[in-house]
Amino acid sequence: MTLSERLPPTTRRVELHTAEEINRRIELETDSRVARLAARFPMSRYEDRLQELDAEWDVERVLQANASTLALGGVLLGALVDRRFLALPTAVFGFLAMHAVQGWCPPIPVIRRLGVRTAHEIGRERHALKVLRGDYDGIPAADSAEPGDRVRAALEAVDR
Amino acid sequence: MTPTHEGAGTQAGAWKSRGFDERSADERIADELERCARLGTPAASERLHELDHEWDTDRVIETEVAMVGLVGLALGAFWRRELLVLPALVAANMLVHARTGHYPLSPVLRRLGFRTAREIERERHALKALRGDYSPDDTPAPASRGAPGQSPATDGGKPSELH
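Protein chains in written order, with the numbering used here: chain A, 1 to 160; chain B, 1 to 163.
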């Protein structure tokens, strides 16, 4: 077992450290949005939604922006005003390491409560939309095509 | 290059430990997918598990920034104050990365074989498509919690995990 196997998986480490009810709420919001789109809107709207998903800020991005701003401010205050301000960037960098390795840091409960999703959760909505749009319909079955052709078809479907 | 087979799906790990891979990221994905397509569902499931654990560039950058930042703070606080530029610099770099996606060490990380979350997601969903998670007539994946018509396919095949 490698080291990265023993640590929480990259895709789920934030969910594992979020209250189950908040995970649930985020998931339900995603599901109902997909259902609404599927029930009411024409195919042309899917592309708009997929582009919105590409632009959506995930947990990592929000966290990086916050942590770097705080750390930068703390270092400047520590260098120019009072050395004791260096405690702020120290805490920020410490928590950032904790988040990267383990998945939890103090802002996570707040960020999650605000409904910020992980890249994995956004990907889930993206590919649900693509399934509904029929992007994956053209992949030949395992017994009817060469593996190489199936792989090409699958990658084309993902990139569509 | 002929990677060693220490068990299904260890290729990526073997390449990474060598720290260098002359094939492009696209070729690597295509090769890995073709191997799984030949070996069938168990190999695909194992590979999906590996992909979940793969460290993406965000996770690596956060770790690197935190480590360099902490060392820089210690040096700046206890040795030479000028060294506080180090934590300031990494924090500024991460801010730029969050806003624009640019990061000075990106070329190095790419060279070491680290991929973005999006690139890993691309391989994941191609693999799920090949496994048949998205085909309507045969659905090997267990039903998810989602209501009918809410596209449970993206959840399939991993009952032990959150989704």
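These aren't lab readings, by the way, just hints derived from the structure by calculation.
Computed from a predicted structure; not experimentally measured.
A few of these clues could be false.
[Claimed, not checked] Partial pick of chain A residues on the chain B-facing surface, computed with a CB cut under 10 Å: (1) Ser4; (2) Ala19; (3) Glu29; (4) Gly78; (5) Phe93; (6) Gly115; (7) Ile139; (8) Ala141; (9) Leu155.
[Claimed, not checked] Rough simulated footprint, nothing fancy, chain B against chain A, three-plus residues with beta-carbon under 8 Å: (10) 8-18; (11) 41-51; (12) 98-108.
[Unchecked claim] Interface residues of chain A toward chain B, partial, derived using beta-carbon atoms under 7 Å: (13) Glu60; (14) Ala79; (15) Arg84; (16) Leu86; (17) Gly123; (18) Gly138.
For glycine and all other residues, C-beta sits at the position ideal for the given N, C-alpha and C.
The hints, checked one at a time:
| no. | hint | in the structure |
| --- | --- | --- |
| 1 | Ser4 | holds (5 Å) |
| 2 | Ala19 | violated (13 Å) |
| 3 | Glu29 | violated (12 Å) |
| 4 | Gly78 | holds (7 Å) |
| 5 | Phe93 | holds (4 Å) |
| 6 | Gly115 | violated (17 Å) |
| 7 | Ile139 | holds (5 Å) |
| 8 | Ala141 | holds (7 Å) |
| 9 | Leu155 | holds (5 Å) |
| 10 | 8-18 | holds (count 6) |
| 11 | 41-51 | violated (count 0) |
| 12 | 98-108 | holds (count 3) |
| 13 | Glu60 | holds (4 Å) |
| 14 | Ala79 | holds (5 Å) |
| 15 | Arg84 | violated (10 Å) |
| 16 | Leu86 | holds (5 Å) |
| 17 | Gly123 | holds (5 Å) |
| 18 | Gly138 | violated (10 Å) |
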